[in-house]
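Q: My request is simple: use the sequences and hints to build the entire structure.
Protein chains in written order, with the working numbering: chain A, 1 to 336; chain Y, 1001 to 1344; chain P, 2001 to 2316.
By construction, these hints were calculated from the structure, which means they are not laboratory data. As the structure is a prediction and not an experimental result, all values here were calculated from the model. Backbone N, C-alpha and C fix where the C-beta goes; we use that ideal spot for every residue, glycine too. Any given hint could be a false lead.
Selected chain P positions facing chain A (Cβ under 8 Å, derived; list incomplete) [claimed, not checked]:
| no. | residue |
| --- | --- |
| 1 | V2060 |
| 2 | A2169 |
| 3 | A2250 |
| 4 | A2251 |
| 5 | F2277 |
| 6 | I2278 |
| 7 | Y2279 |
| 8 | P2282 |
If you want the footprint, here are the derived chain A segments under chain P, 3+ residues with CB under 8 Å [claimed, not checked]:
| no. | stretch |
| --- | --- |
| 9 | 243–254 |
| 10 | 294–307 |
| 11 | 310–316 |
Okay, the calculated beta carbon distance ranges per label pair [said to hold, decoys possible]:
| no. | chain 1 | residue 1 | chain 2 | residue 2 | range |
| --- | --- | --- | --- | --- | --- |
| 12 | A | M21 | Y | K1075 | 55 to 65 Å |
| 13 | P | A2071 | A | I5 | 51 to 61 Å |
| 14 | P | S2034 | A | V69 | 48 to 58 Å |
| 15 | A | E52 | P | D2145 | 23 to 33 Å |
| 16 | Y | E1337 | P | R2040 | 32 to 42 Å |
| 17 | A | L227 | P | V2147 | 36 to 46 Å |
| 18 | P | R2212 | A | A245 | 46 to 56 Å |
| 19 | A | M21 | P | F2277 | 37 to 47 Å |
| 20 | Y | G1289 | P | R2040 | 24 to 34 Å |
| 21 | P | I2124 | A | A49 | 23 to 33 Å |
| 22 | P | S2034 | Y | G1289 | 16 to 26 Å |
Here is what each chain is made of, one letter per residue.
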Amino acid sequence: MVRFIVRRMLQMAGVLVVLSMLLFVWLKALPGGPVSAILGERATPERRAALEAALGLDQPVYVQYLRFVERALHGEFGASTAVLPGEDAFQVFLIRLPATIELAIFAMVLAVALGIPLGYFAARRKGSPLDSGAVVFSLIGVAVPVFFTAFLLKYFVAVEWQLLPVSGRQDPSLDATRVTGLFILDGLLTREWDAAWDALRHLILPAVALATIPFAIIFRITRASVLDTMDADFVRTAEAKGLTASVIRSRHVLRNAMLPVVTVIGLSLGGLLAGAILTETVFSFPGIGDAIYQSQRDKDYAVLTVLILASAAIFVIINLLVDIAYAVLDPRIRTR
Amino acid sequence: MSATIRTSVGRPPSHGPLLSVEDLRVTFTRHGEEPFKAVDGVSFDVHPGQTVGLVGESGCGKSVTSLAIMGLLPKRGNHVEGTATYEGVDLLGLSDKEMRDRRGRDIAMIFQDPLSSLNPVVPIGVQVTEVMERHRGMSRKDAMPHARDLLERVGIPDPNARLKNYPHQLSGGMRQRALIAMALACQPRLLIADEPTTALDVTIQAQILALLKELVQDTGTALIMITHDLGVVAGLCDEVNVLYAGRIVERGDRHRLFARPRHPYTHGLLSSIPRLDSPRGEKLNPITGSVSDNLPWTSACAFAPRCSHAQEDCRVQTPPWEWENDGRGLRCHHPVEAEEVGRG
Amino acid sequence: MTTEPSYAGRRKERIDALAAHSFDETAGVSLIVSAWRRLRRDPVFLFGLGITVVFIVLAVISPWIAPHDPAAAPLLDKVRPQTNPVPGPEPGFPLGADDRGRDLLSRLLVGSRQTLVVGVFATIFGLIGGLFLGILAGSFGGAVDSVVMRIVDVMLSVPSLLLAFTIAALAPRPSQTTLIIAIAIIQVPIFARLLRGSMLGQRSSDHVLAARALGVKKSAIVFRHVLPNSMGPVIVQATLVLAIAIIDAAALSFLGLGSPDDRQPEWGQMLGRSQEFIYDHPHLAVYPALCIITVALGFTLMGESMREALDPKTRR
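A: This is the structure:
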């Protein structure tokens, strides 16, 4: 178990090192170099030289890389030029993070709450209209680009029928109190019910759009896994023992069938991060995804670097947690 | 000896059969394909305390027979006919719920691959106690000491620790012992063992067979032993049924059948086993061909294409089931004569 | 069975399961033949194949059947930025025009070419990269193998669209080429792992052993025996990857990471541009989106049913 976690952590460090090298090489290769990126094209030669020395650009490449890593570890990436001009890039990340957390959690809850039961019932009634329909729906769900789902929801629900807000996280006129940065939670904590309700209304459409692909994946894996498990030898053993159908279902089928599903939830979380770029853009939802898009479009390199590294880090940390959850659930790994 | 295991020594087999299988037929039907007769009119009796062997190659219908008796065939894609009367009740006519009440309590079953037959994420202890919870109305807490005794009874060392173990932490032999313990948990009167030693190492095989033999003798449980291995039959069974292509082709008392096989298939099976006491230089006689050469039973002897004794009538006429005067049954036009036996 | 629980582990498992199909009893060409025999009657496969064939044919002949030049603006005089930014349908222009007065139908038709080009090239480059790494790892083994596979595993452990976005965003100027490269790179580890797994499995297979015993050169074995036997899984994976490539390309294009030159129409880019007029003229978004969905669905259905046909578990 400990060895398992240590191995996963080493893997995670590997991902971050490779990504940081990639980003470092890229920053060096920017037109005009990082100096122009930070100061702009029209900086005076004196200021350029001063900054070059300050950034240690006269040093050998590996020293520069190590300094880059050192500064990255301290959260020093420079100032934002476009997303929140003048703000420290790492601060931009911290400001934008809660919105994406709120969105991702809500989307994941939706995907899990719908995908697992539907997958299970589809497997139990394999070949039925419910099963076939759900399979077709999940296949289409994977083929529809997230941003198009987002667009359809926005167009019909928000614009045509005006049931939910079009964009943003909360109506600014409510002037809600901030505690954690998670607006729904804040509203509940401060008993500003209208603020919590408004934040929830803003969250629904982006979350539904974002949830489509993880839902499709979780549904399909649950269905396949339950089908596989129902055919397993140990389920036949349980039948031979004369156990009741409900015990066989819960103790023998579900407990085993859920293992791959837990893994796939980790996989879907990766998809959520990528999908957030598209969904947040469509709904102008001020989270990390929207900031990644803006910083790329407006060449705010400091912010882009932070966000890419941080997204990767968040992703590997979540995966580590999923792995640990898996190990806890599966005695074959726990007792290794 | 624990209190949970019945100690009566084998009752005399004179009270009539415990299980009587009559003309069992199982047909697999798959959409768009020819129906396949996996079991084609099998009849046999099992008396209390008796050990009956069902022997044959894979695909001969022996496992399907046992699954049909247990009501464990898939719900769709097959058709079961005939009767399997257990203590006066036809098991094949029972509802799903009635059959569920009997499985594990009256009739228990152990399977071929002990690793895949155990739930990988549930501790051994729970997998043993759940049978007692179900059929004897015990709580898990009350059933645990019984489970411990059972594990000890089937020869698992340190049973207290093993109760908390998961299947992957046990060796192959220990897993099969654990499965046997589960099967015995409610003192069934009939135990069906489907190739219980095939997936195990040779030395472990012998241990498991010895254990089964001992348990059968101690508890008086009747046993249906399903195997392709005549060595297993020789050491364990009172009566042997040899199956070929879904039908029983020869039946008899173990000693007589081994001493004097009458059906060329049985004869072939026996003479394809290497023996230490056979004369030097003697060749083994494997049966040639494969199951795919079979003829249909409806108008021929299915074994004819692979049979060394086959004549013209074997290919055009179904051999009838005939009782020999020593209580043996045979389905063959041209059985092996006594003087041929031993020449191989 | 030791399952690898992680995200990368899950992806690895899927790839390895597919690779395993290249060395079971009926490997190589005969495997494809037997799979084809079953696929011929599979409605899901035929539906996917139908979509794919129509799409490819349209992409090839589109310049000749498109009623107008997709770059020309015959309806430019009908574009009124204030009152009528997007001219509607009229005779000769069944779907109307876009905001620059260009025929929408022609742009959709010709746009299929770019989608096909991006999908096919990204997949081919990904395959070549994967082939290179896979052969490197599979035929040298040892240290080379572990180094290559570690890199591949690291790449597999990052969500692919995020990686593609990063690569495309790193390019100084977005273009069709950077888009293809970004999407090709995320396919490399998938193919590398697939081919390496397939090669390792076959190294001990009878016909490869026989060839080695006869003294056939290593490279000849790889190219004449091992690779042909990996064809089935590679074709399946390539089909599925094509669908992903098309969707990912559309997503990157939508985010402005595709070609900025809109004289060459491309569905993802058309979809991205349509955002400006989305409330009043949603059809500008709906048409290209439906095209992308249909084509991606076609490749997915084809790939999934081929995967099933190759899977020994479903083969009876």
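Q: Indicate, hint by hint, whether the structure satisfies it.
A: Outcome of the hint check:
no., hint, result
1, V2060, "22 Å, violated"
2, A2169, "5 Å, holds"
3, A2250, "5 Å, holds"
4, A2251, "6 Å, holds"
5, F2277, "12 Å, violated"
6, I2278, "7 Å, holds"
7, Y2279, "6 Å, holds"
8, P2282, "5 Å, holds"
9, 243–254, "violated (count 0)"
10, 294–307, "holds (count 3)"
11, 310–316, "holds (count 4)"
12, A/M21 / Y/K1075: 55 to 65 Å, "58 Å, holds"
13, P/A2071 / A/I5: 51 to 61 Å, "57 Å, holds"
14, P/S2034 / A/V69: 48 to 58 Å, "54 Å, holds"
15, A/E52 / P/D2145: 23 to 33 Å, "42 Å, violated"
16, Y/E1337 / P/R2040: 32 to 42 Å, "54 Å, violated"
17, A/L227 / P/V2147: 36 to 46 Å, "39 Å, holds"
18, P/R2212 / A/A245: 46 to 56 Å, "54 Å, holds"
19, A/M21 / P/F2277: 37 to 47 Å, "42 Å, holds"
20, Y/G1289 / P/R2040: 24 to 34 Å, "33 Å, holds"
21, P/I2124 / A/A49: 23 to 33 Å, "47 Å, violated"
22, P/S2034 / Y/G1289: 16 to 26 Å, "25 Å, holds"
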